[in-house]
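All chains, please: the whole structure from these sequences, using the hints.
Protein chains: 2
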Amino acid sequence: MATKPSIPKGTRDFSPVEMAKRNYIFNTIREVFYRYGFQQIETPSMENLSTLMGKYGEEGDKLLFKIQNSGDYFSGLTDEELLSRNAAKLASKFCEKGLRYDLTVPFARYVVMHRDEITFPFKRFQIQPVWRADRPQKGRYREFYQCDADVVGSNSLLNEVELVQMIDAVFQKFGIRVSIKINNRKILTGIAEIIGEADKIVDITVAIDKLDKIGLDNVNAELASKGIPQEAIDKLQPIILLSGSNEEKIATLKNVLAASETGLKGVEESEFILKTIAGLGIQSEVELDLTLARGLNYYTGAIFEVKALDVQIGSISGGGRYDNLTGVFGMEGMSGVGISFGADRIYDVLNQLDLYPKEAVNGTQLLFVNFGEAEAAYVLPVLAQVRAAGIRAEIYPDAAKMKKQMSYANAKMVPFVAIVGENEMKEGKVMLKNMTSGEQSLVTPDELVAAING
Amino acid sequence: MATKPSIPKGTRDFSPVEMAKRNYIFNTIREVFYRYGFQQIETPSMENLSTLMGKYGEEGDKLLFKIQNSGDYFSGLTDEELLSRNAAKLASKFCEKGLRYDLTVPFARYVVMHRDEITFPFKRFQIQPVWRADRPQKGRYREFYQCDADVVGSNSLLNEVELVQMIDAVFQKFGIRVSIKINNRKILTGIAEIIGEADKIVDITVAIDKLDKIGLDNVNAELASKGIPQEAIDKLQPIILLSGSNEEKIATLKNVLAASETGLKGVEESEFILKTIAGLGIQSEVELDLTLARGLNYYTGAIFEVKALDVQIGSISGGGRYDNLTGVFGMEGMSGVGISFGADRIYDVLNQLDLYPKEAVNGTQLLFVNFGEAEAAYVLPVLAQVRAAGIRAEIYPDAAKMKKQMSYANAKMVPFVAIVGENEMKEGKVMLKNMTSGEQSLVTPDELVAAING
Chain A
1 MATKPSIPKG TRDFSPVEMA KRNYIFNTIR EVFYRYGFQQ IETPSMENLS TLMGKYGEEG
61 DKLLFKIQNS GDYFSGLTDE ELLSRNAAKL ASKFCEKGLR YDLTVPFARY VVMHRDEITF
121 PFKRFQIQPV WRADRPQKGR YREFYQCDAD VVGSNSLLNE VELVQMIDAV FQKFGIRVSI
181 KINNRKILTG IAEIIGEADK IVDITVAIDK LDKIGLDNVN AELASKGIPQ EAIDKLQPII
241 LLSGSNEEKI ATLKNVLAAS ETGLKGVEES EFILKTIAGL GIQSEVELDL TLARGLNYYT
301 GAIFEVKALD VQIGSISGGG RYDNLTGVFG MEGMSGVGIS FGADRIYDVL NQLDLYPKEA
361 VNGTQLLFVN FGEAEAAYVL PVLAQVRAAG IRAEIYPDAA KMKKQMSYAN AKMVPFVAIV
421 GENEMKEGKV MLKNMTSGEQ SLVTPDELVA AING
Chain B
1 MATKPSIPKG TRDFSPVEMA KRNYIFNTIR EVFYRYGFQQ IETPSMENLS TLMGKYGEEG
61 DKLLFKIQNS GDYFSGLTDE ELLSRNAAKL ASKFCEKGLR YDLTVPFARY VVMHRDEITF
121 PFKRFQIQPV WRADRPQKGR YREFYQCDAD VVGSNSLLNE VELVQMIDAV FQKFGIRVSI
181 KINNRKILTG IAEIIGEADK IVDITVAIDK LDKIGLDNVN AELASKGIPQ EAIDKLQPII
241 LLSGSNEEKI ATLKNVLAAS ETGLKGVEES EFILKTIAGL GIQSEVELDL TLARGLNYYT
301 GAIFEVKALD VQIGSISGGG RYDNLTGVFG MEGMSGVGIS FGADRIYDVL NQLDLYPKEA
361 VNGTQLLFVN FGEAEAAYVL PVLAQVRAAG IRAEIYPDAA KMKKQMSYAN AKMVPFVAIV
421 GENEMKEGKV MLKNMTSGEQ SLVTPDELVA AING
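Chains as they are written, first to last, in UniProt numbering: chain A, 1 to 454; chain B, 1 to 454.
Treat each hint with caution, since some may be false.
Note that identical chains are pooled: a pair holds if it fits in a single copy or bridges any two copies.
Derived lysine to aspartate or glutamate pairs resembling EDC-like cross-links, with alpha carbons at most 20 angstroms apart [said to hold, decoys possible]:
hint: 1; residue 1: Lys-93; residue 2: Asp-72
hint: 2; residue 1: Lys-21; residue 2: Asp-348
hint: 3; residue 1: Lys-4; residue 2: Glu-117
hint: 4; residue 1: Lys-9; residue 2: Glu-42
hint: 5; residue 1: Lys-429; residue 2: Glu-373
In case anyone wonders, no lab produced these hints; they're calculated from the structure. No experiment lies behind these values; they were computed from the predicted model shown.
This is the structure we're talking about:
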């Protein structure tokens, strides 16, 4: 019986034009990663559940795609266990493996397993799909690519500087104007310290972030409503109103955070990164932004986030420094810093701004029309010659009607069509048609390559 | 608790050098695919089990990796069903999705779903991992890449010709000497017809294949032992002893198969392919080989197989023509022809013959030694300049001991190291060390790029 096929919800087919665009994105990013001395690794799509479980919180465990054991997965299960119908508990009996949920945990697992062959600092990048059993919605998929670069085994702030340069280089190549926001977890900790409200960091950053929209009075009211005492809110005023250049912000923070050693350390780190970057010809605007509070349960130093300036969309890249990548696997003291590029959002931005270069498509440059066996026999050696010269070319395989062959050329957006009939064969030439201008010219096979490349 | 991590059996991590080599393989193949007008697609890693089940035989169904449904996968199951512990049957209740087993069925599903947007003939390629719950062993993995190119929607033999050209082009680029064997299902059908033993094709080809090893008498004895009557064996003699050039073989076959319309059609097709290829500058030897009997339950016309000449290993590429890609999904008459490159085996062959080009590694070309903050500050703009010129370069992030930094350079096989100390800073220069020759030279930042590219 024929079944009408479909694909699982939240997954996608990528057709040729989408693939070409995606390849352009990944190739561009990869090129920058290489340029900065990063090395690519890949890990298996499936990991042992013992590697994955408990690393993403309770919610994350639920979102793991689990793979059913092969063979008799019922063995060793009592009737009572089965009839309990405890899906979560029995899943751990039925399944030993799950699909990768992100690239970070597999990377940590990789570093631990390969520690003896890795030379640290290890600058690795990884571009692979991940899977999450999330509710699918616009822009959220159950299978999507992550694109991460990390340096582990070095505490040097030069790594942070380098990551900012890489972000700038990538988006410069794309032609996307971005603002790179940086913050530092230690500054946020310092703020919490001086106002004595360590557990309120998120509430504070959320409230401050609204200053432009709701005004100072409302921000202060919101802080009060979150249970922050008036005295602390008073102390927060210079931070809420923090503005001006990065230098001015740094100066203010040094003052406000004078009593917090951690806070000052964060200011110092940010100052170093900003100052060092300033001399390196970065084109993107880099801004110290205290409202940036991503990954607070994970990041311990610098925090990065990238916003596109010309498209309304969430952050298109982000990252930060962490203290302990591999502790959960028994290997302590492996700190690092990393960034992640959001391929799906970059795809949308490039589409909206129409920024894909024409060459990105890698499409056929020249199609030979097929008039029949004799003409095809004449064309094939010419085709081989053209291809050997680096031109992407093909012959329509069947001697179909001209109209059909031209439709094919149009559908594939082929810029040049070569027509060889009796006359051309007699003269040893090829009629070359420029599909954009409509111009036709009779050329020798040797002239063909130059005509197309020119 | 720290757990000692591992990966599922049959899966692999790919470290930087392996990744670079694999990228080289995939990029080379992709380049040829593009050159011949093929377009890339990708399909989701998971497909609905209704798409996959029943397409690979009973054994194949067992080898599918199935993904457990999210949430309460027990709902709707009676106590009796559960206690039956019927793993195979209940898997279909617990699981709706499975991991891709090959690229062909997802491609067929893709063609059916996207039929309205595809312009036929559709020349597609696809390079993605597939998963099989096979018993892992040397050279056999549970996750591995397939690398397929197919043309569907055209019966023209020019497609077969083109695929042979592509095989030749790929292995020429790799520098691997190969023999391309071709056969035709219709010839085999013709042979079975004239000897009246349609169901014995495989036995016959297996026996003929042993001629060189065991001699004619033993081949005939083996045929007899398979229940083939003496009269049929007599008729088979010219085919068993078939030898000489492709032209000679074709001539013999035309004689022997004169009474079989199908057989003659197969000979004619093979003759066309071989003759047409002959004028196209192929470097590989192309041989008509009747013992080639891969995919007989699938292929209906030409059959291809590629053997490496200088390494003992199974076939490293293969393919053929099929009649009906999409019938199982209710779309009839979609014939096509395709080839598949065995990336893992090609990897092994390139390793054994040491054929990877140096540039394939994409490694760091230049490492700046880090002597401290002042030196790093001097180096960073030079580094930015060098990178802008296209050089893959980095600075060691920490001011570690010289020995450690040089070990890092060696481990990453960096060919050039730049040393900047007080003297170099004073002179506005960089000490460039060639790590292969040991040679050192004092150069300006401007001269650096030329020195490395030269």
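To see whether the hints hold, each was checked on the structure:
no.	hint	in the structure
1	Lys-93 <-> Asp-72	both (11 angstroms within a copy, 15 angstroms between copies)
2	Lys-21 <-> Asp-348	within (10 angstroms within a copy, 31 angstroms between copies)
3	Lys-4 <-> Glu-117	between (50 angstroms within a copy, 17 angstroms between copies)
4	Lys-9 <-> Glu-42	between (26 angstroms within a copy, 16 angstroms between copies)
5	Lys-429 <-> Glu-373	within (17 angstroms within a copy, 66 angstroms between copies)
Comparing the model with each numbered hint stated earlier shows that all of them hold.
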